[in-house]
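Let the sequences and hints guide you as you build the complete structure.
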Amino acid sequence: MKPPRSERLSAFRPQIARLERRLFLKQGLSLGALSLLSGCTLKDDDAVDRLLMTMSRFNDKIQAALFDPAKLAPTYSEVDVTTPFPFNAYYEEKDIPLIDGESYRLQLSGLVADKRPWSLDELRALPQSSQITRLVCVEGWSAIGQWRGVAFRHFLERIGADLTARYVGFKCADKYYSSIDMPSALHPQTLLALDFTDAKYGYPLRLRLPTKLGFKNPKFIGEIFVTNDYPGGYWEDKGYNWFSGS
Amino acid sequence: MVGGADKSRTIHPLFVRVTHWVNAFAIFVMVLSGWRIYNASPLFGFEFPKDFTLGGWLAGALAWHFAAMWLLALNGLAYLAYGLVSGHFRRSFMPISLRGAFDDVLLAMRGLLDHAPGRYNAAQRVCYVGVILAVIVAILSGLAIWKPVQLQTLTALMGGYEAARRVHFFAMATIVAFLVVHIGLAVSVKGILAPMFTGRAEAPR
Ligand code: HEM
Chain U
1 MKPPRSERLS
11 AFRPQIARLE
21 RRLFLKQGLS
31 LGALSLLSGC
41 TLKDDDAVDR
51 LLMTMSRFND
61 KIQAALFDPA
71 KLAPTYSEVD
81 VTTPFPFNAY
91 YEEKDIPLID
101 GESYRLQLSG
111 LVADKRPWSL
121 DELRALPQSS
131 QITRLVCVEG
141 WSAIGQWRGV
151 AFRHFLERIG
161 ADLTARYVGF
171 KCADKYYSSI
181 DMPSALHPQT
191 LLALDFTDAK
201 YGYPLRLRLP
211 TKLGFKNPKF
221 IGEIFVTNDY
231 PGGYWEDKGY
241 NWFSGS
Chain Z
1 MVGGADKSRT
11 IHPLFVRVTH
21 WVNAFAIFVM
31 VLSGWRIYNA
41 SPLFGFEFPK
51 DFTLGGWLAG
61 ALAWHFAAMW
71 LLALNGLAYL
81 AYGLVSGHFR
91 RSFMPISLRG
101 AFDDVLLAMR
111 GLLDHAPGRY
121 NAAQRVCYVG
131 VILAVIVAIL
141 SGLAIWKPVQ
151 LQTLTALMGG
161 YEAARRVHFF
171 AMATIVAFLV
181 VHIGLAVSVK
191 GILAPMFTGR
201 AEAPR
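These protein sequence lines map, in sequence, to chains U and Z. Numbering-wise (this note's numbering), the first sequence opens with residue 1 and increments by one. Numbering-wise (this note's numbering), the second sequence opens with residue 1 and increments by one.
Quick caveat, the hints were computed from the structure, so don't treat them as lab data. Each residue gets a CB set at the ideal place from its N, CA and C atoms; glycine is no exception. Please note that the accuracy of each hint is not assured.
Said to hold, decoys possible - Covered stretches of chain U, going by a simulated chain Z footprint (3 or more residues, C-beta under 8 Å):
| hint | region |
| --- | --- |
| 1 | 173-184 |
| 2 | 190-196 |
Claimed, not checked - Straight-line distance between alpha carbons at most 27 Å, and here's what the computed DSS-like set of lysine-lysine pairs gives:
| hint | chain 1 | residue 1 | chain 2 | residue 2 |
| --- | --- | --- | --- | --- |
| 3 | Z | K147 | U | K238 |
| 4 | Z | K147 | U | K71 |
| 5 | U | K61 | Z | K50 |
Structure, rendered in structure tokens:
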């Protein structure tokens, strides 16, 4: 018998991550045996935290400037595809949300003219395209995968999204959430993916953009919104760099 | 500038001393946070002991790494520009010879190598130029894995994303190997550490 959800370790991951975050500067500064930074003014955790955050925001700006909307990620052929493709989430594989495709409706909100929800059949009726690209994880590993679906730019235009807005945000069935900048959302290789190797990688709908790290590719998407207010993200709010471009 | 005939007793220019210590700080941050990043997805069959890493967890380590990279790169550029323009590199590192370096190492092992203040021996010259190149390779391979799409030509030059990760690792390993010897000698050979702060050779010989 499976233990109730709340007793499984994965249910505590967010708390563990928060705890880890609180520890990161203390540990980071004690450095074990090397007291490199002791004696410097860097004793105040908050000051270092703020400095690192400021640098991370600065790196967001640099990456936005470095982003070339016309530059395509390298593509590969089917023989290069990594099998099995690594599963990665803030929870374990057995805890993926199970979504009924029949009753599924993609919700839209924010700066969007037509907020009518979309069924999977309606999404499939839109022009589909496919890509084989490398997914690079923030942890360092990479894997080549194949994804097929609707060009995100086409979808955003279709729903009358305000393309001058700053952010596109995603709310997912697995309680994950994330957001990307509009230029990356409009990149020709940014895909609202409907087809991928296995349901566990985000059925029925996920975002696939090879111009950002893996964690910026939310799975099990339930709602998409367009906004000018910084929406953050699950990992981003814990300290990972927001832009995280490739 | 070599020998007692020189009027000036400044053996390390201020610019070199400042950029050297800023670089030392930046390298320490980069290496120790880099080890924590490595541990998130180890390339080889080992991990770095957590107590010897910086950042506490992956996001913290990445934050340190991507902050200190600016210090490393800008300080390094300033040092390179100064070294090339002022003639410091030509004066201090030239002529350079692997053969001479090898001979010096043999002399040093027999305890016969003199450390003349203000003049690098052949082994030092090769090591310093070598570590400068290793830092450059570390920065380029770092850029290649940071931006494999925007800087894809650079990534391809490194042999692709996965190869670039390994290049980055071995550049780090080279720097760390240099540091073990470099710091070992700096603290054990008499009268060379203080001048790297003050710029002045200690007692006249
Ligand atoms: C705690 C760390 C370090 C100590 C104690 C130290 C010490 C020294 C000393 C004493 C010298 C002068 C040697 C002499 O006069 O013969 C020197 C020069 C040098 N060190 Fe370091 N060092 C450290 C870290 C580093 C690092 C991290 C790097 C590079 C990755 C580095 C690269 C160099 C170079 C290239 C020179 C020659 C500088 C020039 O004349 O342009 N050092 N170091």
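Results for each hint:
no.: 1; hint: 173-184; in the structure: violated (count 0)
no.: 2; hint: 190-196; in the structure: violated (count 0)
no.: 3; hint: Z:K147 - U:K238; in the structure: holds (22 Å)
no.: 4; hint: Z:K147 - U:K71; in the structure: holds (12 Å)
no.: 5; hint: U:K61 - Z:K50; in the structure: violated (31 Å)
Of the numbered hints stated above, those contradicted by the structure are hints 1, 2, 5, listed in ascending order.
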